[in-house]
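For the record, the sequence lines run as chains A and B.
For the first sequence, our numbering gives the first residue as 15, with consecutive numbering after it.
For the second sequence, our numbering gives the first residue as 3, with consecutive numbering after it.
Calculated from the structure, these hints are not laboratory results.
Please read these numbers as outputs of a predicted model, since none were measured by experiment.
Using N, Cα and C, we set each Cβ at its ideal position, and we do this for glycine too.
You may find that some hints are simply not true.
Capping the alpha-carbon separation at 35 Å, the derived lysine-lysine pairs in DSBU-like fashion look like this [said to hold, decoys possible]:
#1 B:Lys124 - B:Lys35
#2 A:Lys61 - B:Lys320
#3 B:Lys222 - B:Lys122
#4 B:Lys35 - B:Lys75
#5 B:Lys75 - B:Lys414
#6 B:Lys124 - B:Lys414
#7 B:Lys222 - B:Lys35
#8 A:Lys61 - B:Lys222
#9 B:Lys35 - A:Lys61
#10 B:Lys124 - A:Lys61
Covered by chain A, per the in silico footprint, the following chain B stretches (three or more residues, Cβ under 8 Å) [stated by the list, open to error]:
#11 10 to 16
#12 106 to 112
#13 348 to 362
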Amino acid sequence: MSVFVTEDCAGTGLCVAVAPVIFELNDDGLSTVITSPSTQELLETAKAAARLCPMAAIQLED
Amino acid sequence: MPLGRQSIDELEERLADPSFQADPHATYHLLRKRAPVYWSDRRNYWLVTSMDLVSHVLGTPDDFSSVGFESRKIAQLNPDVANAAGRVDEHFTTLQLVSSDPPDHTRIRRAFGSQFLPRKVKPLEGMIRDAANRLLDNASPDQPDIVSDYAEPLPVEVISEIIGIPRETRNRIPVVTLDQRAFFGSPSLNIGHAERFSSTLEEWHDLLSAWMMERRSFPKDDVLTKAAEMVDEGRITNDEAVTTILHLVIAGNGTTTALISNAVYHILSHPAQARLLADEPHRIPNAVEEVLRFEAPLPTDRRIATRTLTLGDQTISKGDLVMSGLAAANRDPDHFPDPDAFDVTRTFGTSHQLAFGWGIHLCLGAPVARLEASIALQVLFERFGVAQLLDGFEPNWHAITTHRGLRTLPIKPERIQR
Numbered sequence: 015m016s017v018f019v020t021e022d023c024a025g026t027g028l029c030v031a032v033a034p035v036i037f038e039l040n041d042d043g044l045s046t047v048i049t050s051p052s053t054q055e056l057l058e059t060a061k062a063a064a065r066l067c068p069m070a071a072i073q074l075e076d
Numbered sequence: 003m004p005l006g007r008q009s010i011d012e013l014e015e016r017l018a019d020p021s022f023q024a025d026p027h028a029t030y031h032l033l034r035k036r037a038p039v040y041w042s043d044r045r046n047y048w049l050v051t052s053m054d055l056v057s058h059v060l061g062t063p064d065d066f067s068s069v070g071f072e073s074r075k076i077a078q079l080n081p082d083v084a085n086a087a088g089r090v091d092e093h094f095t096t097l098q099l100v101s102s103d104p105p106d107h108t109r110i111r112r113a114f115g116s117q118f119l120p121r122k123v124k125p126l127e128g129m130i131r132d133a134a135n136r137l138l139d140n141a142s143p144d145q146p147d148i149v150s151d152y153a154e155p156l157p158v159e160v161i162s163e164i165i166g167i168p169r170e171t172r173n174r175i176p177v178v179t180l181d182q183r184a185f186f187g188s189p190s191l192n193i194g195h196a197e198r199f200s201s202t203l204e205e206w207h208d209l210l211s212a213w214m215m216e217r218r219s220f221p222k223d224d225v226l227t228k229a230a231e232m233v234d235e236g237r238i239t240n241d242e243a244v245t246t247i248l249h250l251v252i253a254g255n256g257t258t259t260a261l262i263s264n265a266v267y268h269i270l271s272h273p274a275q276a277r278l279l280a281d282e283p284h285r286i287p288n289a290v291e292e293v294l295r296f297e298a299p300l301p302t303d304r305r306i307a308t309r310t311l312t313l314g315d316q317t318i319s320k321g322d323l324v325m326s327g328l329a330a331a332n333r334d335p336d337h338f339p340d341p342d343a344f345d346v347t348r349t350f351g352t353s354h355q356l357a358f359g360w361g362i363h364l365c366l367g368a369p370v371a372r373l374e375a376s377i378a379l380q381v382l383f384e385r386f387g388v389a390q391l392l393d394g395f396e397p398n399w400h401a402i403t404t405h406r407g408l409r410t411l412p413i414k415p416e417r418i419q420r
């Protein structure tokens with residue numbers, strides 16, 4: 015399963031607070047995926063970040 | 003043994019006692035320890051005070067809805083007052099960002115989100131700095147009042163610039179903020195409050211609609227222009243646009259005033275920390291984070307349970323009002339060691355404070371508020387040095403049911419830099 019950030023990202027930083035291993039803010043202050051969640055635990059964290067995102071800008075795909 | 007829907011006399015008394023206004027944190031600690039999900043008979047809601055449970059409530063909008071709180075409040079009014087408040091429901095509580103759930107919330111948030119991108123917020127720095135300097139130019143040199151001279155007018159200027167509110171109308175912003183506070187914060191709402199707020203809303207509704215119309219012919223780089231564009235593209239309705247902008251005006255105003263004055267108060271109460279920040283201004287953003295943690299301007303946020311569910315060891319019924327204790331969670335010792343110590347050098351690590359909320363409703367204007375408070379402190383140090391509180395100053399707080407902020411904050415500048 016892969017996780018990606020859509021162009022709706024507004025740089026709230028919430029995903030970075032929840033999952034700093036997976037997300038990072040780039041030079042524009044927007045979120046990018048730095049590590050694809052490889053374990054079940056990381057996947058759950060990515061899902062949690064997706065649920066919390068105010069912009070609904072995090073998507074998970076098989 | 004869970005208490006269930008049963009109040010504890012001692013806690014009820016503490017919540018009602020005037021000392022709770024002066025220092026709510028001792029009571030929050032007691033609540034968190036004895037009943038982190040506490041039913042208050044007197045207040046008719048659940049009060050949640052632990053970090054984990056508050057985060058859960060705010061992070062689970064399917065179970066804890068943001069819709070309907072204001073309408074319910076209006077429905078509970080006596081018929082005469084409700085009648086006078088007729089336009090409030092129509093112009094303020096219908097679909098907008100704060101009182102909506104997904105998918106409407108996501109749609110409206112996306113329509114406005116681009117105006118608060120980091121690349122839009124960063125360039126505001128110069129404008130904020132100029133406004134802060136102008137205000138200190140005009141402040142009384144002997145004994146400026148941080149609240150009325152600085153923390154109140156600065157957010158009005160900043161939010162007006164971002165939204166595009168013309169200069170001549172800005173003096174009406176404090177009026178609508180006070181009217182809103184009186185309406186939703188007053189325990190004994192009367193016809194006067196309701197009529198006043200209703201007519202102020204009517205006025206703002208017309209103004210904002212007219213300005214959006216103007217922007218269609220003469221676009222600018224502001225929220226009004228973006229909102230008109232979003233309406234024309236069919237992404238939001240005109241009412242959603244106007245009501246959300248009005249919420250931005252009000253939200254961007256009172257809470258930021260509280261943040262700036264709370265920051266100055268707590269920092270000046272710790273002279274060594276004040277000196278450190280004046281000497282090493284790069285530490286100011288972390289100090290702002292600590293102020294947000296220590297004294298959250300919005301102490302609680304409301305949700306309504308969408309089904310009967312379990313929270314902590316309690317059963318919450320469908321339709322119950324659930325108040326998330328943002329200020330209480332921020333002092334949870336499981337997340338912040340020595341939580342009652344104010345420390346501008348605190349390292350937050352993986353813990354995060356909840357003053358701006360959490361999850362999908364995380365404050366839209368948070369990056370602006372952080373920047374604005376940081377610049378306000380920086381300019382204050384530059385112009386007044388390390389000011390002091392007046393001898394024997396006793397803080398006089400606003401009623402905590404609306405927000406947590408000081409009524410006045412007179413200070414003694416160390417020096418005046420013109």
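Hint-by-hint comparison with the structure:
no.	hint	verdict
1	B:Lys124 - B:Lys35	violated, 41 Å
2	A:Lys61 - B:Lys320	holds, 26 Å
3	B:Lys222 - B:Lys122	holds, 14 Å
4	B:Lys35 - B:Lys75	holds, 30 Å
5	B:Lys75 - B:Lys414	violated, 43 Å
6	B:Lys124 - B:Lys414	holds, 31 Å
7	B:Lys222 - B:Lys35	violated, 52 Å
8	A:Lys61 - B:Lys222	violated, 38 Å
9	B:Lys35 - A:Lys61	holds, 31 Å
10	B:Lys124 - A:Lys61	holds, 30 Å
11	10 to 16	violated (count 0)
12	106 to 112	holds (count 3)
13	348 to 362	holds (count 5)
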